[in-house]
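Asks: Residue-level listing of the chains:
There are 2 protein chains.
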Amino acid sequence: MDSTFVVGIDVGGQTSKLGVVDARGTVLAQTVIRTDTYSDVEPYIAELAEAVNKIIKDSGTEGKIRGIGVGAPNGNYYTGTIENAVNLSWGGDSVVEFSKLLSEAMGGLPVALTNDANAAAVGEMTYGAARGMKNFIMITLGTGVGSGIVINGEVVYGHDGFAGELGHVAAVRNNGRTCNCGKTGCLETYASATGVARTAREWLELSDEPSVLRSLDTIASKDVYEAAKDGDKLALKIFEFTGKILGRSFADFIAFSSPEAIVLFGGLARAKEFLLPPMESAMNDNVLPLWRNKVKIVFSQLKESDAAILGASALAWEL
Amino acid sequence: MDSTFVVGIDVGGQTSKLGVVDARGTVLAQTVIRTDTYSDVEPYIAELAEAVNKIIKDSGTEGKIRGIGVGAPNGNYYTGTIENAVNLSWGGDSVVEFSKLLSEAMGGLPVALTNDANAAAVGEMTYGAARGMKNFIMITLGTGVGSGIVINGEVVYGHDGFAGELGHVAAVRNNGRTCNCGKTGCLETYASATGVARTAREWLELSDEPSVLRSLDTIASKDVYEAAKDGDKLALKIFEFTGKILGRSFADFIAFSSPEAIVLFGGLARAKEFLLPPMESAMNDNVLPLWRNKVKIVFSQLKESDAAILGASALAWEL
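Chains as they are written, first to last, in the working numbering: chain A, 181 to 499; chain B, 181 to 499.
Don't read these hints as lab results, they were simulated from the structure.
Be a bit skeptical, because a hint or two may be false.
Listed below are the simulated DSSO-like cross-link pairs for lysine-lysine, each with C-alpha atoms no more than 30 Å apart in a straight line [what the hints assert, rightly or not]: (1) A:K417 / A:K452; (2) A:K483 / A:K417; (3) B:K280 / B:K234; (4) A:K234 / A:K483; (5) B:K483 / B:K234; (6) A:K476 / A:K417; (7) B:K234 / B:K314; (8) A:K280 / B:K314; (9) B:K280 / B:K237; (10) A:K474 / B:K280; (11) A:K474 / A:K244; (12) B:K314 / B:K409; (13) A:K314 / B:K234; (14) B:K314 / A:K314; (15) B:K474 / A:K280.
Output of the computed footprint for chain B on chain A, the stretches with three or more beta carbons under 8 Å from beta carbons of chain B [unchecked claim]: (16) 330-340; (17) 347-358; (18) 361-372; (19) 432-441; (20) 463-472.
Computed beta-carbon distance windows for the label pairs [to be verified]: (21) A:E453 / B:D220: 50 to 58 Å; (22) B:A400 / A:E385: 45 to 53 Å; (23) B:E406 / A:N473: 42 to 50 Å; (24) A:T184 / B:D220: 56 to 64 Å; (25) B:D238 / A:K280: 24 to 32 Å; (26) B:R353 / A:Q481: 30 to 38 Å; (27) B:R353 / A:D216: 36 to 44 Å; (28) A:T195 / B:K314: 31 to 39 Å; (29) A:T358 / B:T398: 41 to 49 Å; (30) A:T358 / B:K314: 28 to 36 Å.
The structure presented is a predicted model; accordingly, all values stated were derived computationally and were not measured.
Built from N, CA and C at the ideal position, the CB exists for glycine as well.
Please construct the entire structure, taking both the sequences and the accompanying hints into account.
Replies: Next comes the structure, spelled out in structure tokens:
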């Protein structure tokens, strides 16, 4: 067994999670720092490096760290930069040389960086549901819809480092919902946690159908999930619609790279019991006959609290 | 300069074209045999091997052939088989071990096989418009719409050898046209030569708009092209519609693999003057801002009569 270790850092808009991980995917030590209290990247990096050094010390792995893997919004694998990440308080309109800054602050330790969904894909391949798979598509169902595409055992970065934006393919061509990206009809506007809440608000307004959701002041996807578990018919229909939208998009993804499986992760993936049946049937109804009933839909097996760190850390094994 | 040569064979439903090719992409000798006069594959392979031997002799390349590349409908790169190719008289419902049979008939020369669109992609990368590109998507606009996807300089075959069926993604989600594959709304039903003719027939029936196309008994895409060149308004609108359908599908393809370019080839690509403007604007209107006006649409530079042979032959360089 390899006696080296890696560090994984998941950079989120509010907090950054970091941990020391062994080759089996055990998180030996972890901690969290704020991301959003910094308007400049330098002091953030200084605190991050301090936190990394602390968990290395806590886990007794000094001198045994092979490298650091970072998952961050708009992270570019080729350049190690974070570009125009509007959700990061120090991201803004600029290009942040994240890998370079962090590596310097860590005395030259190598740093690999990519976006969060790509990191999740590497995590699943290394420690999770995609172990042994060479061709799969990771879909993260969170606030938005992200994706990481693996072909022949390697993440697809494309010619510029930004490949795999499947949350922004056209799920609905005409009169689609407005997306944050400026387009309309993007998959993300229907099939994310936000999208599910939007569907609920839209349908409540358009119909008189009774639902426990009517009594709520604000609706989040979690409320729709709870209502569905209690048998609320409208909530169940919302998940059926969401699953269908996802499944028919998966059919198009399969035509592209013919993956062995679609792997799902993220908050919304907890609604597996309601999403899976409509997703599978829409996928199989819309895919070419040669792939019908042949492509698996699997759900992440990683412990949710560790998954972001594990995904990022897995990148570092490739350094 | 490499002093070895390769053979390229393009297996079509009616005829099979074959040629001996040098490393610069010059076709030194070529010939054509019938495909559709055989109901069994063995006598077809026997005639094919004879024809290959003849062009090798004609070109004076005996003993210098590195291998044979074959482009064929439903060709599987991994297994060297042709599976359920309904358009081939000896294809039918079976799995034909094409590479094995041909290699045996050619005294053990190595044979590489893939589908025609993948072969075209390798051809463009080796000799054509995609030289030097590591990430591009080849779209063939012929009777159908085929595709070959190149990522990091390699064709994407997927987990089963059948990746890259972009003619069968959903161009139209509701009330889409019926496709030969059994689905509806496939890109191929709108953006192939057949699709253009279908659009013409549909629009002529639905409107009273004057058009020279009304005087024809049967309409092929070539007629629509000729009419557009003569300024026929309906014909021009048909190409605008076709280009738009293609361009917005390209936007989704870009979100997948972030290619440097989309490369177009095939009979319908001759209508470049009419297709390119609506294609480019629909692509840029529907793509994420980060790729807007950044992905090129380029047209094949290969001589059309040689292209099928060149594409297939290029596979053999990798043997």
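Asks: Now tell me if each hint is right for this structure.
Replies: Against the structure, the hints:
no. : hint                        : in the structure
1   : A:K417 / A:K452             : holds (14 Å)
2   : A:K483 / A:K417             : holds (29 Å)
3   : B:K280 / B:K234             : holds (20 Å)
4   : A:K234 / A:K483             : holds (23 Å)
5   : B:K483 / B:K234             : holds (23 Å)
6   : A:K476 / A:K417             : holds (23 Å)
7   : B:K234 / B:K314             : violated (36 Å)
8   : A:K280 / B:K314             : holds (26 Å)
9   : B:K280 / B:K237             : holds (23 Å)
10  : A:K474 / B:K280             : holds (27 Å)
11  : A:K474 / A:K244             : violated (43 Å)
12  : B:K314 / B:K409             : violated (35 Å)
13  : A:K314 / B:K234             : violated (42 Å)
14  : B:K314 / A:K314             : holds (20 Å)
15  : B:K474 / A:K280             : holds (27 Å)
16  : 330-340                     : holds (count 8)
17  : 347-358                     : holds (count 5)
18  : 361-372                     : holds (count 3)
19  : 432-441                     : holds (count 8)
20  : 463-472                     : holds (count 5)
21  : A:E453 / B:D220: 50 to 58 Å : holds (52 Å)
22  : B:A400 / A:E385: 45 to 53 Å : holds (49 Å)
23  : B:E406 / A:N473: 42 to 50 Å : holds (45 Å)
24  : A:T184 / B:D220: 56 to 64 Å : holds (59 Å)
25  : B:D238 / A:K280: 24 to 32 Å : violated (59 Å)
26  : B:R353 / A:Q481: 30 to 38 Å : holds (33 Å)
27  : B:R353 / A:D216: 36 to 44 Å : holds (39 Å)
28  : A:T195 / B:K314: 31 to 39 Å : holds (37 Å)
29  : A:T358 / B:T398: 41 to 49 Å : holds (44 Å)
30  : A:T358 / B:K314: 28 to 36 Å : holds (35 Å)
Checked against the numbered hints above, the structure violates hints 7, 11, 12, 13 and 25; every other hint is satisfied.
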